[in-house]
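*Asks:* Chain S: place on chain L using the hints.
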Amino acid sequence: MVIEFHLDGQSGISPYQQIVTQVRHALRLGLLREGDQLPTVKDVVSRLAINPNTVSKAYRELEHAGLVTARAGVGTFVTATMSDDTLAAQRSLRAGLERWLAKARRSGLDEETIEALFQSTVRSSAVQDIA
Amino acid sequence: MSTAVRARDLGKRFGRRWALSDCNLEVPAGRVVGLVGPNGAGKSTLLNLAVGVLTPTTGSVEVLGSRPGAGPEQLARVGFVAQDSPTYGALSVEDHLRLGARLNPGWDESLAQARIARIGLDLHQRAGRLSGGQRAQLALTLAVAKRPELLLLDEPVASLDPLARREFMQELMEAVAEHELSVVLSSHLVSDLERACDHLIVLGESRVQVAGDIDDLLATHHRLTGPRRDPADLPAGQQVISASHTDRQTTLLVRTESPVHDPSWTVSSLDLEDLVLTYLRNASKQASAPTLEVLR
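Residue numbers (our numbering), protein chains in the order written: chain L, 1 to 131; chain S, 1001 to 1296.
Isolated chain L, as found in the complex (with noise of 0.2 Å):
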């Protein structure tokens, strides 16, 4: 098996969306690639006690998504890479973001309120984004 699921019960977040982002995630890192399988429905029931619909649903939507195939009988692969084309833009990005913190630090912000500032301000440009 390429990669195995947990279940955070503290997260808040649904276990459906919990495996989609586990996956996600394992993508973006280059840990799953184009052709492996994922662990199937049974095996993921069976270890960590959850209903199958929800691993269904979560490989489904992931599907959706175009980054796996289901094949019947079989299983479920991995389709498509979601690394490669952001990795140099995230490079200089978080370079920038380095820049950003370190200002921040410099102003006496402590983590905390640079965490609170971060999440208001992407918050509240994504609302903008919408309206």
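Think of the hints as simulated: they come from the structure by calculation, not from any bench. All values derive from a computational prediction rather than experimental measurement. Backbone N, C-alpha and C fix where the C-beta goes; we use that ideal spot for every residue, glycine too. Be careful, since some hints might not be right.
Said to hold, decoys possible - Just so you have them, the derived chain S footprint on chain L, three or more residues with Cβ under 8 Å: (1) 37–46; (2) 52–59; (3) 67–76.
*Replies:* Quick look at chain S alone, frame taken from chain L:
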């Protein structure tokens, strides 16, 4: 999609006390349904009505499209494990399987044998000498091997330790994956149900407080915190489930189909336990409200 359980104005009275009232439900087939509520909320009453052990005082209940216990065919389609996983203490595991084979026309002997072997039960052991977890697994095996379309389980894990709980739920979920069962299981703990269920019915004070697919419930309930304001000026379509205020801050739990865009709110998601507890708190408040009025 077909319906596993449908209740219309269903009620059950014992003497002067209504154990269940005004119960309207529509549970689609193919779901694993969690029936959650405090002790005495009506969970066992609802399950016993669905099996046909009890008859309704008011209204009606249909299970897989027929009246519960309507005939041998209907009985064969529904599996039931009552509270505390009852088994016959003096009978061996093997006796239980033989009994299951004699009493159930659709008995799947190879499935029963395979499950007993996987759980690691000794066929010659008397049920009275099994651990709680083993007894629960034996009862589950009997219920699954009759190959029902719907499995009803009353507090199946309440008396089990955490490891036995997990093992029981693993076996149950595997059975669901293999045989496409519909399941209704009750618990007074949300945490028992969170991973296993995709549909939830919250019972409190003998009434259904909220019911629906868990993903929908989580997607439509939000916690809003922000500067103090009157909940009455919220946009239409945002139903306030609970509200609390300090001098400066207002915290609301709202149910809404559309996203909350108002930037003055900090919107956070709820976990299932918060959601269930909020509805149960409302239920007990409403139940005690008339008494308070009398006192005034």
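*Asks:* All hints, please: hold or fail.
*Replies:* Hints, verified against the model:
Look at the segment 37–46 of chain L against chain S: 4 of its residues bring a Cβ nearer than 8 Å to a Cβ of that chain, three or more, so the hint holds. Check on the segment 52–59 of chain L: 4 of its residues sit with their Cβ under 8 Å from a Cβ of chain S, so the three-residue criterion for coverage holds. As drawn, the segment 67–76 of chain L meets chain S at 0 residues by the rule of a beta-carbon pair under 8 Å; below three, the given contact is violated.
Taken one by one, the earlier hints fail for this structure only at number 3.
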